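S.K.: Sequence:
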Amino acid sequence: MGQVQRHTEQLLQKRYGVKTLLTSHVSLGLLIRSIGNVNGDMTSLVLQVCICLTGWITLYVLLCYLNGHRGYEWNCRLVTLFHGVLIVCVTAYIGYVDGPWPFTHPGTKNTPMQTLALALSLGYFTFDMGWCVYFRTEGPVMLAHHSLSIMGILLVLWVGESGIEACAVIFGSEVTNPLLQTRWFLRRTGRYNSLAGDVVDLLFVMLFVTMRIGVGGSMLYCELISPRPLLVMKCGGVAMYLLSWVFLVDIIRFAYRKCGTKYRLWQLRCKGVEVNGHDRKKE
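Per UniProt numbering: the sequence shown = residues 1 to 283.
Simulated from the structure, these hints should not be mistaken for laboratory data.
Because the structure is a prediction, the values reported are computed rather than measured.
Don't be surprised by glycine CBs; every beta carbon is placed ideally from N, CA and C.
There are no misleading hints in this set.
SDA-like, lysine to any residue: derived pairs with alpha carbons at most 20 Å apart:
(1) K234 - S218
(2) K262 - F204
(3) K234 - L220
(4) K258 - T182
(5) K109 - Y96
(6) K109 - S226
(7) K258 - F204
(8) K262 - I252
(9) K262 - V199
(10) K234 - M151
(11) K258 - R183
(12) K262 - D198
(13) K258 - N193
(14) K258 - L207
(15) K258 - L179
(16) K109 - V97
(17) K258 - L202
(18) K262 - D201
(19) K109 - P227
(20) K262 - D250
(21) K234 - T108
(22) K109 - L230
(23) K262 - G190
(24) K258 - F247
(25) K109 - G95
(26) K262 - V205
(27) K262 - R183
(28) K258 - S194
(29) K258 - V199
(30) K258 - L186
(31) K109 - Q48
(32) K258 - V246
For each label pair, taking beta carbons as the anchor points, the in silico distance ranges come out as:
(33) K109 - R136: 38 to 44 Å
(34) N193 - V238: 34 to 40 Å
(35) I213 - C89: 19 to 25 Å
(36) Y93 - S44: 18 to 24 Å
(37) I57 - A144: 19 to 25 Å
(38) I213 - G160: 28 to 34 Å
(39) L62 - M206: 30 to 36 Å
(40) M42 - Y96: 26 to 32 Å
The task is simple: from the sequences and hints, build the whole structure.
M.R.: Set out below in structure tokens:
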């Protein structure tokens, strides 16, 4: 069959010069087919993200309806807490079970599970970004974090690769989120200045330094030395890691102030004990 086709092409080229036309026709068909596949994939991705975004908005509206007396921010943080727990579980499953291992296989093609996790987070970050801008509750650092997250996930979904390291970054970023939201709820309910508040703060600082700075630095190193990831992916990883250091500076300042306050309170208690003991001796 192949010999007949080649013979026909040679004959047509010799008599009519149409070999280029036939080859171009085949190439055009392949191009149209590939474009159709890409369009189909992009349509599926857009549909997934829209469904996830609608789901987060629906959850927020439902919480506001059932729990309206708590206020808008309370319910938004409940959505944030739910997203944090859910996405940590999903990305942990991807990294430890579904694979591949992000430290050894950065820049690989996205799997359906990775695409689902990225769509979930993209829908959430889009919702939360809109909420924060509308209510003006966050500063420029948090808005920059959300913007980088949205652009990074969009890029990973668009090129169809580096999904595993994107999921690893989401895991490291969101693993401290439940503690952050718990701290906020403790403050709003008047239970922050207690042992529970101290434990939550200590766990948050330790987990942030370990995951975002320590493990995140190792992940960035593996990303930079690997030849597979695109340059723009590596630049995005550097930007996210630098942003983690900006957060760390704020956390160190907070920890310094809190430790100073605790130390001064301890000194006052010690002085109170000494004064009370001295008064009892006089009596």
